[in-house]
Amino acid sequence: MTSSTWPLWEVFVRAKRGLSHVHAGSLHAPDREMALRNARDLYTRRQEGVSIWVVASSDITASSPDERDSFFDPAADKVYRHPTFYDVPEDVEYL
Amino acid sequence: MTEQHVAYLLGLGDDALIYAQRLGEWLTHAPQIEEDMALGNVGLDLLGQARSLLTRAGEVEGATPLRDEDDLAMLRDEREFRNVQLVEQPRADFGHEMARMLWFATYQCELYSALLGSADETLAAIAAKAVKEVEYHRDHATQWVLRLGDGTGESHERMQQGLASVHPYVAELGEDHDAARWATDQGVGVLPSTLTEAVNGYVTQVLQQATLEMPDPPRWHARGGRDGVHSEVMGYLLAEMQHIHRSHPGATW
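The listed protein sequences derive, respectively, from chains A and B.
Note that the first sequence covers residues 5 to 99 in this note's numbering.
Note that the second sequence covers residues 888 to 1140 in this note's numbering.
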């Protein structure tokens, strides 16, 4: 059995409660249940996480580098979208 | 009867140590790098259990000077090892390994669950940590047996062959021996034969789901591991495992 016969999976790990799942890497596995177990062995062996998601890489629709200009550049000159015009009270810790 | 207490702990520790050694041999040989990691992790869990159990055995023995985990793992000879013969059998194909892991991890799940209430408090604490590890080992083997058994014609056939080749070594896991009888009387241990029904029940249910057959009872089955009687391969295993320590006593990194 070679890696070409096993699909690729993307792994997302949540480090602790309250944080969001962050992309950790990818791996090969024959199916989603085994992908989850492989992810546990590969990406949480040093207590990196409390929750894991796996997603088939083929199920991810990604933006293309060719579309970068039309996707992202138009946001460059719209400073009014940044909340920089508000005064943040000093004792608000997490904002 | 310190001697029986030590013998009981060595049986538990040697099972874990020797199987860890065999699983380590899978690194770079598993079907996938992901599986290399998985088998390596299982082996390291078992090595951790062996370290705690052998350390405890040395404490109970109370020799002067005290024998520590390294002395017990690296400086005993073949006849002093008390592991079952199942764990010393050579690495074969992946189906064979999953068959062996299914039986052994299922046995360890029942064993450590029963040892949670051990009168030896250190042993009870080791069991509490280990039971979570071996549940994962059992799950790993279960997942693979299901997929290989209910997979392709060839995977089914090879999984069935794997089950057949480990079968003569399974009964020994459930065989009572003097140290276990003593340990059970003292509330320290558990009689292996009392675990057999639950172990067989779990494995039977996995095999059914995997469309596999439980092999017929073997005409010959291994025995004597708990008394230091081992198969030919054991000497080679120990030579490889122990030669660094014996060549360079006390070496660290």
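A portion of the hints provided could be inaccurate.
[Stated by the list, open to error] Think about it this way: if two alpha-carbon atoms lie no more than 20 Å apart in a straight line, the pair counts; the simulated SDA-like pairs of lysine to any residue are:
#, chain 1, residue 1, chain 2, residue 2
1, B, Lys1016, A, Arg49
2, B, Lys1019, A, Thr48
3, A, Lys20, A, Pro34
4, B, Lys1019, A, Asp63
5, B, Lys1019, A, Val83
6, B, Lys1016, A, Gly53
7, B, Lys1016, A, Ser61
8, B, Lys1019, A, Tyr98
9, B, Lys1016, A, Val54
10, B, Lys1019, A, Ala28
11, B, Lys1016, A, Ile64
12, B, Lys1019, A, Phe76
13, B, Lys1019, A, Arg50
14, B, Lys1019, A, Asp35
15, B, Lys1019, A, Tyr47
16, B, Lys1019, A, Phe75
17, B, Lys1016, A, Gln51
18, B, Lys1016, A, Asp73
19, B, Lys1019, A, Pro87
20, B, Lys1019, A, Glu14
21, B, Lys1019, A, Val54
22, B, Lys1016, A, Thr48
23, B, Lys1019, B, Ser1118
24, B, Lys1019, A, Ile56
Worth flagging that the hints you see were computed from the coordinates, not collected in a lab.
All values derive from a computational prediction rather than experimental measurement.
Holds or violated: lysine 1016 of chain B with threonine 48 of chain A, Cα cutoff 20 Å? holds, 18 Å
Restraint check for lysine 1019 of chain B with isoleucine 56 of chain A, where alpha carbons must lie at most 20 Å apart: holds, 18 Å
What's the verdict on lysine 1016 of chain B and serine 61 of chain A, does the C-alpha distance respect the 20 Å limit or exceed it? violated, 35 Å
Just to be careful, I want the Cα atoms of lysine 1019 of chain B and tyrosine 98 of chain A compared with a cutoff of 20 Å; is the pair within it? violated, 37 Å
When you check the alpha-carbon spacing of lysine 1016 of chain B and isoleucine 64 of chain A, does it fall within 20 Å? Outside the cut-off at roughly 38 Å; violated.
Restraint status (C-alpha distance of lysine 1019 of chain B to proline 87 of chain A at most 20 Å): Violated, because 48 Å separates the two Cα atoms, which is more than 20 Å.
Lysine 1019 of chain B paired with aspartate 35 of chain A [C-alpha distance capped at 20 Å]: violated, 24 Å
Quickly compare the C-alpha distance for lysine 1019 of chain B and serine 1118 of chain B to 20 Å and report which way the hint goes. This hinted pair is violated, its Cα atoms lying about 31 Å apart.
Keeping to a limit of 20 Å between CA atoms, is the pair of lysine 1019 of chain B and threonine 48 of chain A held or broken? The hint holds at about 15 Å.
Distance restraint between lysine 1016 of chain B and valine 54 of chain A, which requires alpha-carbon spacing of 20 Å or less: Since the Cα atoms of lysine 1016 of chain B and valine 54 of chain A sit roughly 18 Å apart, the hinted pair holds (cutoff 20 Å).
Holds or violated: are the alpha carbons of lysine 1019 of chain B and valine 54 of chain A at most 20 Å from each other? holds, 15 Å
Just to be careful, I want the Cα atoms of lysine 1016 of chain B and aspartate 73 of chain A compared with a cutoff of 20 Å; is the pair within it? violated, 54 Å
Violated hints, in rising order: 3, 4, 5, 7, 8, 10, 11, 12, 14, 16, 18, 19, 20 and 23; the structure is consistent with all others.
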